[in-house]
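S.K.: One-letter residues, chain by chain:
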Amino acid sequence: MTTRLFGSGIRRREDPRLITGQASYTDDIKLAGLVHAAILRSPHGHARITGIDTSAAAAAPGVIAVYTGADTEGVLNPMPCAWVIPDSDVKAVAYPPIAKDVVRYVGDAVAVVVAEDRYQAEDALELINVDYEPLPTVINPEAAMQEGAPQLHEDAPNNQAFHWVAAGGDTDDAFANADVVVRDTIIQQKLIPNPMEPRSAIASFVPSMGELTIWNTTQNPHIARFVTCLVTGLPEHKIRVIAPEVGGGFGAKIAVYAWDMVTAFCAMKLGRPVKWTETRSENFVSTTHGRDHVEYVEMAADSNGRVSGVRSVVYAGMGAYLSTAAPGIPTILHGLMYSGPYDIANIKADIYGVFTNSTPVEAYRGAGRPEATFLLERLMDLVAAEVGKDPVEVRRMNLIPKFENGHDVAIGLTYDSGDYEGVLNVALEHVNYDQLRHDQAHARSTNHGHGPLTGIGVSCYCEICGLGPSQVAGAVGFGGGLWESATVRFYATGKVNVFIGTSPHGQGEETTFAQIMSEELGVPVDDVEVIHGDTDTTPMGWGTYGSRTTVVGGGALALSARKIKEKAITLAAHLLEAAEADIEYEDGNFFVRGAPDNGKSIQEIALMANVAWNMPEGMEPGLEATTFYDPPNFSYPFGAHVAVVNVDPDNGHIVLERYVAVDDCGPQINPMIVEGQVHGGVVQGAGQALWEGAVYDDNGQLLTGSMLDYALPRAHLVPDIETLSTVTPSPHNPLGVKGIGETGTIASTVTIYNAVIDALRPLGVTRLEMPLTPERVWRAIQEAGGNRHDHGDGHGHSHDHGH
Amino acid sequence: MKVPIKLTVNGRSHESEVEARTLLVHYLRDDLGLTGTKIGCDTSQCGACVVRMNGATLKSCTCLAVQADGAEVTTIEGLAQDGNLHPVQEAFWDNHGLQCGYCTAGMIMTITELLDRNPNPSAEEVRAGLEGNICRCTGYHNIVKAALAAAEAIRSS
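If you read the protein sequences in the order shown, they are chains G and F. Quick note: the first sequence, position 298, residue 297 per numbering that gives the first Met the number 0, numbers continuous. Quick note: the second sequence, position 88, residue 87 per numbering that gives the first Met the number 0, numbers continuous.
I should point out that these hints are in silico values taken from the structure, not numbers from a laboratory.
Some but not every residue of chain F turned toward chain G, in silico, with C-beta under 8 angstroms:
(1) G35
(2) C40
(3) L97
(4) G100
(5) C102
(6) A104
(7) I107
(8) L129
(9) V143
A few chain F residues that face chain G, going by a derived Cβ cut-off under 10 angstroms, partial list only:
(10) H25
(11) R28
(12) K37
(13) I38
(14) D41
(15) T74
(16) G96
(17) Y101
(18) N132
(19) I133
(20) C134
(21) C136
(22) T137
(23) Y139
Pairwise CB distance ranges (calculated):
(24) T42/F / D697/G: 22 to 28 angstroms
(25) R11/F / K494/G: 32 to 38 angstroms
(26) V205/G / E16/F: 31 to 37 angstroms
(27) G209/G / T42/F: 37 to 43 angstroms
(28) R47/G / K5/F: 49 to 55 angstroms
(29) K237/G / D115/F: 50 to 56 angstroms
(30) M539/G / M0/F: 48 to 54 angstroms
(31) G232/G / A19/F: 41 to 47 angstroms
(32) K494/G / G82/F: 20 to 26 angstroms
(33) A491/G / E130/F: 51 to 57 angstroms
(34) D115/F / G209/G: 53 to 59 angstroms
(35) G54/F / K494/G: 39 to 45 angstroms
Just so it is clear, the structure is predicted and the values come from calculations on it, not from any experiment. Think of the CB as a built atom: it goes at the ideal place given N, C-alpha and C, for glycine as much as any other residue.
Using the sequences and the hints, build the whole thing.
M.R.: Structure representation (structure tokens):
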């Protein structure tokens with residue numbers, strides 16, 4: 000092999016099956032005797048169930064069974080929350096898979112029908128008669144904590160799910176002695192992730208063997224197996240979870256869902272395989288949501304704009320129950336990231352988790368870090384306006400200087416490596432920032448607030464991902480490890496299987512992992528097949544989320560390959576009748592120093608190891624290695640993004656003209672895939688800034704309950720995304736890589752938001768709530784009319800909030 | 000009530016009896032086993048289920064199977080000929096025009112029709128033509144790139 004594939008944008012090996020319609024997602028799978036489940040969901044945001052009559056449904060054509068909460072109670076255990084953060088009074092309230100006495104959000108399950116086909120199951124749902132006694136609802140997480148608010152759970156007074164505080168330095172002192180304090184109220188609206196594949200599960204139970212198999216659209220089949228064991232009571236080794244082709248997740252397929260457990264329950268009761276697939280309308284209310292913060296945030300600085308402190312009080316909506324990983328998101332993945340790429344000596348995050356009558360909240364792409372980046376970058380712009388400096392200048396003076404091997408921030412994290420100013424410079428140079436500002440000033444001086452108004456947003460970010468190490472996971476209450484494992488198996492023919500515990504679902508890591516193998520052992524990339532997504536055939540893995548798969552799973556794989564290389568060197572020395580110390584390796588060839596033409600290829604080594612005819616004394620046959628890799632630190636990718644928007648002041652319409660993303664995720668294994676991750680992430684973040692948001696009415700009805708009403712980004716609404724990168728390796732993992740799956744979303748929401756505010760500032764508009772719909776923008780312009788001024792951000796929005 | 004229908008799918012003729020209310024997408028997936036066509040929503044918004052019927056694009060979740068009686072339907076499975084990928088499929092592969100793959104069949108079918116109508120579209124025309132198809136992974140960047148590359152490949156072939 001002469002061409003290095005590590006670092007090459009080779010085409011994805013996943014694609015042939017995907018572009019021909021030959022891939023099998025869960026709902027595509029058919030089993031002999033398969034029957035179909037449909038779930039009846041609460042139409043009320045909060046209600047007591049006073050009666051339920053399933054007799055007509057049970058007698059309907061094709062119906063095999065109807066089950067309610069009375070049937071599952073005592074058989075299925077409550078859904079567990081797997082992230083119970085210490086010292087924060089987490090109320091892990093009972094979360095029954097089917098509600099029996101009280102429904103707490105629109106979408107809560109009330110009954111399940113199993114029928115011969117899906118149409119019959121759906122018909123029968125309409126024949127179930129449920130008597131509800133409606134109860135008052137509360138949707139806004141801050142309102143839910145006020146006295147007199149409707150109460151969701153008896154054992155969670157004031158709807159408080161938890162209270163978590165993290166601090167570094169002395170924020171009271173920093174704010175008391177600051178020249179400048181800026182503050183804002185930020186609403187991180189509730190978002191609905193909408194992976195294109197709806198959730199689905201097929202459960203098949205073999206009563207004679209006590210074995211349960213679940214095909215499931217999940218990001219983490221091994222965790223799904225573990226939780227299935229807890230909920231069904233079946234032993235873990237009798238459960239197999241298969242994640243077939245999975246059509247996107249974005250966090251919404253991390254949680255282990257009650258509906259999957261109900262599907263398993265039906266299969267176990269009936270002895271027939273049962274499929275449940277949600278409709279998209281069902282997805283909107285029953286699959287987890289993201290974000291949902293009400294934040295009071297402030298930043299302290301001196302008169303030059305040098306920042307000394309940041310602090311918050313955040314009400315983070317959890318929805319009606321605690322989803323699998325929910326408490327960790329606004330805390331560990333949010334509150335700990337208030338330093339971002341900046342040197343800020345005093346930080347405090349004061350976070351309340353709050354129950355509301357809405358769909359449970361989970362990770363959604365970025366999970367806590369977009370919210371942290373948003374508040375930092377928003378406050379940086381407010382500081383810049385307050386001290387009368389360019390937003391870039393204020394950021395630059397606050398950035399942490401370049402470091403290559405660890406940097407401690409005030410809140411207690413140790414970043415791995417960073418060159419924040421370097422990446423900012425690349426971004427500014429690429430867009431010709433000075434020229435952009437010059438053109439903007441010229442336009443402003445000539446159009447006097449008419450015609451399209453150009454706005455420029457610049458953001459710097461640093462985020463925490465590549466989740467492990469496990470010791471930290473344990474210390475922060477995560478109910479599992481955060482290591483990964485990988486087995487590399489060479490066959491006698493020289494072909495290779497990689498068995499890996501992580502479970503990519505669109506990120507292309509079958510290709511990335513094959514490239515790692517090729518790099519480490521010189522095997523042709525097409526000789527490697529990567530197996531993932533099946534608990535029976537892969538070693539343990541904790542899943543694909545938190546941009547950890549390439550970092551942690553790839554690390555495990557690289558280390559397994561290196562173990563094989565060590566064995567191959569020993570075996571080559573034996574076969575070449577040389578000392579091990581004299582064996583060299585290059586491009587898949589093991590040879591005595593100076594004699595590369597008489598070496599042994601990795602394929603020859605694999606053959607000999609597998610037939611074992613001539614092995615060194617004491618060496619086991621086979622060429623296979625497994626590594627359980629627990630990273631010593633998280634990874635901290637970073638970047639600088641620039642957005643240019645035009646706002647039409649006559650109708651509030653925003654056009655995203657340009658988006659530039661400069662990101663540093665260390666060495667890129669496949670740059671084409673890296674760019675693809677950035678494109679998609681940026682547009683998802685743009686969705687939050689401009690279009691998306693869950694809207695509930697006062698009764699807890701989701702008004703944005705379909706793709707008609709919930710506005711997802713579409714092709715004609717976004718520009719090409721300009722991607723650039725720098726390379727700063729992480730010193731903390733074998734490949735030096737950092738996650739890239741979430742950075743786009745982490746940076747783009749606030750970058751676009753800041754660009755819009757930048758456009759409107761001359762009109763006196765200094766804050767808006769997302770999404771920045773034309774109506775909101777237009778109204779803000781009208782309200783600011785006649786009050787045009789050039790500064791004033793941060794004034795008039797202070798909140799008496801007992802900081 | 001079962002209704003007899005006769006139609007051609009990917010060049011093969013089928014005679015079936017279907018419930019009158021059966022959606023075309025369910026007929027394709029469940030009766031014919033052509034699961035390459037996906038169901039992404041229930042409001043005709045996402046375009047994952049796009050097939051071509053008598054040459055036109057059609058959201059097969061919004062059409063009854065009985066309405067396809069007598070029609071010629073092409074699904075993603077019928078696009079490659081003699082083991083050769085269609086240029087749009089090839090372009091999606093070359094340009095990383097897909098990630099999770101769930102919207103891909105609908106995207107590819109839509110673009111084949113778009114290029115039949117307009118063999119030399121601008122990027123803006125491609126984007127406008129994809130208004131009825133949602134992708135959550137790619138940000139559309141590489142889908143547009145793939146469509147333009149396919150257009151060029153078809154023009155120069």
